[in-house]
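Colleague: Let the sequences and hints guide you as you build the complete structure.
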Amino acid sequence: HGLLRKGEARQVVETFRDQFNLNLTFVDASAEFLEKLRGVEEPETKRKIIGNHFIRVFEREAKKIGAVKYLVQGTIYPDVIESVTATGETIKSHHNVGGLPEHMDLELIEPLKELFKDEVREVGYKLGLPEEIIGRHPFPGPGLAVRVLGELTAEKLAIVREADAIIVEEVKRDGLYKEIWQVFAVLPDIKTVGVRGDRRSYAHTIALRAVTSRDAMTADWFRFPYEVLEKISSRIVNEIPQVNRIVYDITPKPPSTIEWE
Numbered sequence: 001h002g003l004l005r006k007g008e009a010r011q012v013v014e015t016f017r018d019q020f021n022l023n024l025t026f027v028d029a030s031a032e033f034l035e036k037l038r039g040v041e042e043p044e045t046k047r048k049i050i051g052n053h054f055i056r057v058f059e060r061e062a063k064k065i066g067a068v069k070y071l072v073q074g075t076i077y078p079d080v081i082e083s084v085t086a087t088g089e090t091i092k093s094h095h096n097v098g099g100l101p102e103h104m105d106l107e108l109i110e111p112l113k114e115l116f117k118d119e120v121r122e123v124g125y126k127l128g129l130p131e132e133i134i135g136r137h138p139f140p141g142p143g144l145a146v147r148v149l150g151e152l153t154a155e156k157l158a159i160v161r162e163a164d165a166i167i168v169e170e171v172k173r174d175g176l177y178k179e180i181w182q183v184f185a186v187l188p189d190i191k192t193v194g195v196r197g198d199r200r201s202y203a204h205t206i207a208l209r210a211v212t213s214r215d216a217m218t219a220d221w222f223r224f225p226y227e228v229l230e231k232i233s234s235r236i237v238n239e240i241p242q243v244n245r246i247v248y249d250i251t252p253k254p255p256s257t258i259e260w261e
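Counting from 1, position 213 in the sequence shown corresponds to residue 213 in the working numbering; the numbering is continuous, with no gaps.
Please note: incorrect hints may appear among the correct ones.
Subject to a maximum C-alpha distance of 20 Å in a straight line, what follows is the list of computed SDA-like cross-link-like pairs (lysine to any residue) [stated by the list, open to error]:
no., residue 1, residue 2
1, K48, L108
2, K178, V123
3, K69, L22
4, K172, I134
5, K6, K156
6, K156, F58
7, K191, Q242
8, K36, F58
9, K63, F26
10, K156, K253
11, K6, E239
12, K156, F26
13, K36, G7
14, K172, G7
15, K172, Y226
16, K172, V27
17, K172, R235
18, K253, I180
19, K113, Y125
20, K156, A207
21, K178, S213
22, K126, E110
23, K6, N238
24, K178, V228
25, K64, S30
26, K172, Y248
27, K231, E169
28, K172, G135
29, K64, K6
30, K178, P138
31, K156, T192
32, K191, I240
33, K64, L24
34, K253, K191
35, K64, V27
36, K191, Y177
37, K48, G2
38, K178, F139
39, K69, E102
40, K6, Q182
These aren't lab readings, by the way, just hints derived from the structure by calculation.
Modeller: Listed below in structure tokens is the structure:
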């Protein structure tokens, strides 16, 4: 859907097609998803649009292959909990749960539906998946669409994708990646005044979010060394000219959720 992290689609294709020799069909439907999300600002609406079109693309491509009966999804237990709580209250519709259309041509199979993320990783190790896949931080199904607040555009996606890549690179360089449950960039719908050279700038803000957790049901903000924050901030504002301010989200879950949308 074109909403993945930098280089992620390529990595998945290389892993399963080249390492596991699977007959994998890669479909780039990014232009379709961006068009469907044009002008949409409300996060629940974004999630439902993505979930619905996600299924429709699968159904369309399955018909091209022929004799495809099943859709296998990586739904995990926290997705189910957040989509429908015990009181019937929806916290967030995950694209693979509350965001699914009522009618589907494919039969749904969800083998991980009752497992938490740490349990899923254990399954991955037993199946022999590479560490770079198993150890990757959790990533929302709607992808960067829920890390760009407000309306989604190709430019905003490019900004948050590049900022996210810088953050992850610096965190890995300092050996902190495995200590953190999730670390990522958020692009709020905020521009602020700054100075670039000797001229006024009016540019985007990037919010840095990093948390520790075991199962994503509760989380605490990660205490970065100041020098790491300094390197992340310096690189983002110097390498991404559309950004002139970095803020750090230090809110636990609850009351916040890990993702902003």
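Colleague: Against each hint, give a clear statement of whether it holds in the structure.
Modeller: Going through the hints against the structure:
1. K48 with L108: Cα-Cα ~17 Å, so holds.
2. K178 with V123: Given that 20 Å is the threshold and the Cα spacing comes to 18 Å, the pair holds.
3. K69 with L22: Holds. K69 to L22 sits at ~18 Å (cutoff 20 Å).
4. K172 with I134: holds (15 Å)
5. K6 with K156: Holds - the C-alpha atoms of K156 and K6 are around 14 Å apart, at most 20 Å.
6. K156 with F58: violated (26 Å)
7. K191 with Q242: Between K191 and Q242 the Cα gap is close to 10 Å, so the pair holds against 20 Å.
8. K36 with F58: At roughly 16 Å apart (the allowed maximum being 20 Å), F58 and K36 satisfy the hint.
9. K63 with F26: Judged against 20 Å, a Cα distance of about 15 Å means the pair holds.
10. K156 with K253: Distance ~26 Å between K156 and K253 Cα, so the pair is violated.
11. K6 with E239: holds (15 Å)
12. K156 with F26: violated (24 Å)
13. K36 with G7: At roughly 23 Å apart (the allowed maximum being 20 Å), G7 and K36 break the hint.
14. K172 with G7: holds (16 Å)
15. K172 with Y226: holds (16 Å)
16. K172 with V27: Given that 20 Å is the threshold and the Cα spacing comes to 30 Å, the pair is violated.
17. K172 with R235: With Cα atoms ~15 Å apart, K172 and R235 stay inside 20 Å; holds.
18. K253 with I180: Judged against 20 Å, a Cα distance of about 14 Å means the pair holds.
19. K113 with Y125: Roughly 18 Å between the alpha carbons, so the hint for K113 and Y125 holds.
20. K156 with A207: holds (13 Å)
21. K178 with S213: holds (11 Å)
22. K126 with E110: holds (18 Å)
23. K6 with N238: holds (19 Å)
24. K178 with V228: Holds, at about 15 Å.
25. K64 with S30: holds (19 Å)
26. K172 with Y248: OK: K172 and Y248 at ~18 Å, within 20 Å.
27. K231 with E169: Within the cut-off at roughly 11 Å; holds.
28. K172 with G135: Satisfied, since the Cα-Cα distance of roughly 12 Å is no more than 20 Å.
29. K64 with K6: Distance ~28 Å between K64 and K6 Cα, so the pair is violated.
30. K178 with P138: holds (12 Å)
31. K156 with T192: holds (15 Å)
32. K191 with I240: holds (14 Å)
33. K64 with L24: holds (14 Å)
34. K253 with K191: Outside the cut-off at roughly 26 Å; violated.
35. K64 with V27: The given pair, whose Cα atoms are some 12 Å apart, holds under the 20 Å limit.
36. K191 with Y177: Measuring from Cα to Cα gives roughly 29 Å; hence the hint is violated.
37. K48 with G2: Roughly 16 Å between the alpha carbons, so the hint for K48 and G2 holds.
38. K178 with F139: holds (15 Å)
39. K69 with E102: holds (17 Å)
40. K6 with Q182: Status holds; Cα separation ~16 Å.
The structure fails to meet hints 6, 10, 12, 13, 16, 29, 34, 36 from the earlier list, while all remaining hints are met.
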